[in-house]
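Given chain W's structure and the hints, the job is docking chain S onto it.
The chain contents come next:
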Amino acid sequence: MLQLRSVTKRYGPLTALDDVSLDLARGEFFGLLGPNGAGKSTLMSLVAGLRVPEAGTVMLDDEPLTASHAAARRNLGLVPQHVALYPELTAEENLRIFGQLQGLRGSLLQARIDEAFAAVQLADRRRSLVRTFSGGMQRRLNLVAALLHQPKLLLCDEPTVGVDPQSRHAIFEYLQHLNRAGVTIIYSTHYMEEAERLCSRIGIIDHGRILALGTLDDLLTRLPFEDEVTFPSTPATAALASQLAAHGEIVATNGTQRFRPHPSYPLSAFFTLTESLGLPPRLFVSQRPSLESVFLDLTGRTLRE
Amino acid sequence: MSQTLILLHKSLLTFRRSRAAMVITFLVPIVLIYLFGHVFGLYRKDFGPTGIPLAVVNASVEPAAQQLIDALKAESAFRLITERKDPAGVSRPLTEADVRTGLRENQYRFALILPADLLTEKQLGLHFRFLTNPRNEIEAQTVRGVLQKTIFSNVPQLLGQALQKRAKKFLGAERFDQFNGTIAGAVSRAFGGDAARIQEEIASGNFLPSAGPAPAADPTLRRLDGPTGAAVAAASPAPAAATSPSSDGLGRLVRFETEQVAGKEVKNPMAARLVGGYAIMFLLFAVSGSASAFFQEKDSGVFQRLLASPVRPAHILWARFLFGVILGLVQISTLFLAGRWFFGLEIFTHAGALLAVALSAAAACSAFGMLIAAVSPNATAASGLATFVVISMSAVGGAWFPVSFMPDTIQAISKLTLVYWSVEGFTDVLWAGRSFLEVLPNVGILCGIAAGVMAVAIWRFNRGGLFA
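One line per chain: the protein sequences are W and S, in this order. Following the working numbering, the numbering of the first sequence begins with 19 at its first residue and continues without gaps. Following the working numbering, the numbering of the second sequence begins with 947 at its first residue and continues without gaps.
Just chain W, with the same shape it has in the complex (with noise of 0.2 Å):
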């Protein structure tokens, strides 16, 4: 459905994309994680057609995506990084008039208007001004203002940014709804468990390169260790750590010392180990590999750095 082919995007000097290619089926969640910076967004505005790309292609169902393509646009929905939304306005009137501007007229706008309050729970404050919303409510009609027309492609930029559990919860559920009736969705985000949760498929993206691609089990799979204990840098701990550099890996991030222990040693023999060292229990946390330590492995920094 989505194909971008060998596309690079420079800021001057900077170069925010770097030789990107990628292939979205229909109906696919494809999330790019990223930190801040890396490029997500870049790719996200080249998608939408904001931005012209220095060399290659991005095409939906074999239409270029440019600015002067406005019916391969009509196919595609924004929800933006910021709350894209007139605060002076009602919640009814910014949906009434982004549903014109897609062309929508009528009892058809009207319609969809209905539906839209109805998904995303505001039907009780649709003739509330939007600067009266809450943060989480903002982000909710943010999130339907780009659905009016029924896109076949939702961009979805960072759209949990600042929102509460039970927002967040509400625009996940949508969100998840909308994949299953068949929309294809890119998800950016710097929250690793959004991706984990929504994702069916994964591109890791830094300085402007997709890094690595896949489902979260191709991700992890691709590990070179499948458990990991993590505990603080302490001098009570710094005698454990030598001891451990011949049983695996030691990573050490903002004060906390991450474990990757070789296949061949087990879990069992490094509490022995601990244990003899008279350290207690509670400092360690063993967990299975995340997309965090995916992300680590391959840029050797943590997501929010």
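Just so you know, these hints were derived from the structure itself, not from any lab. One should not assume that every hint holds.
[Stated by the list, open to error] One-sided and incomplete, this derived list gives chain W residues near chain S with beta-carbon spacing under 8 Å:
1. Ala66
2. Arg92
3. Leu94
4. Leu96
5. Pro98
6. Gln99
7. His100
8. Tyr104
9. Leu107
10. Ile115
11. Leu119
12. Gln120
13. Pro298
14. Arg300
15. Ser304
Using N, Cα and C, we set each Cβ at its ideal position, and we do this for glycine too.
Just chain S now, with coordinates in the frame of chain W:
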């Protein structure tokens, strides 16, 4: 086009919802015009200064000195101070030492000294001293001008008296009386009248008898100036014509007849210029403020949402331009209605011409607002730039002060501003009563400015980062 209209509707809806925008656009200008009306005295019939304190010291024994003081008292521009009270509460005439102290202590800023040698046989002419504490140079110049006008308009016989004194010095008292008596006798024989009285008039320095009602005792004196006075009266074509208020014959040696050719029927001429000028200035502020809304929409991501839909930058720009034109038209109309309410401006007599000027001025102002947004990197810069340019352009363009008072270079520059052509357009309609066809050249210039400025703005938008 429909995208443009939808966005225009959005802007109007947003504007209507914003109380702050409504207050700044309509209420503040109306209140300020009302206040400026009071400041500039638009509610009075006479627009000049009134009641400026003027201390007067009379050290002269000449009767004419008292005549001069009486004339100054009758001048509304001044409030004369001629006495001061001593600690015991007893009033006494001011002395020069008193007024010097008063000037230094800023009790008043101007003082006229009529010295003992106000009229002297040693030199030809009059001798005054004018003491000032000129905190405000414009005020000082105004006072000096009004003072000179009062002196030369109301008591020109002082000059005649000075001439008589000087003649007496050179001829001696006896030959002086003999000379005047001979002249008076010749006048009496030629034109009639009492020779002794004519000699008395000449000796007092009043060479030409009064143009006012002649003394009943000697009606023949009218023959000296009657025909001239009648001619003047006949030459005055309209009731609005006015002559210098001199009551003395010498006052007519240099005679100004002032006739207002245009705007005679304008009820409040100063308001015609003031309301137009301020309407344009406030409109510029309003459209500049609305232009900075561009940056709010950009920063909030609304532009991203719009441009990801079937909306192009041109739709956004034209919607904003049209919004500025509509806002301008409504604001100008509101302010002129306020002008009619406050100052009796005649706005309905030439409504078509006024509407044409208002529409073209609104278009030029809206384009200006677009240019401010196009050349500014952010909302803060746009606000600062707009304030600087609007104030400069209003001052240079004549919104506050007549352009004719400005130096030649500034006058030339003013013609490059939309404020100048807008104010001229409004004045042409409200003052000169020009018709729709007559103001078309002015409207054309404003439309040309709008088109030119909008073209530059669009060029800048295409090169700038507003839509990036």
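| query | Of the hints stated earlier, which fail here? | reply | Those not satisfied are hints 13, 14 and 15.
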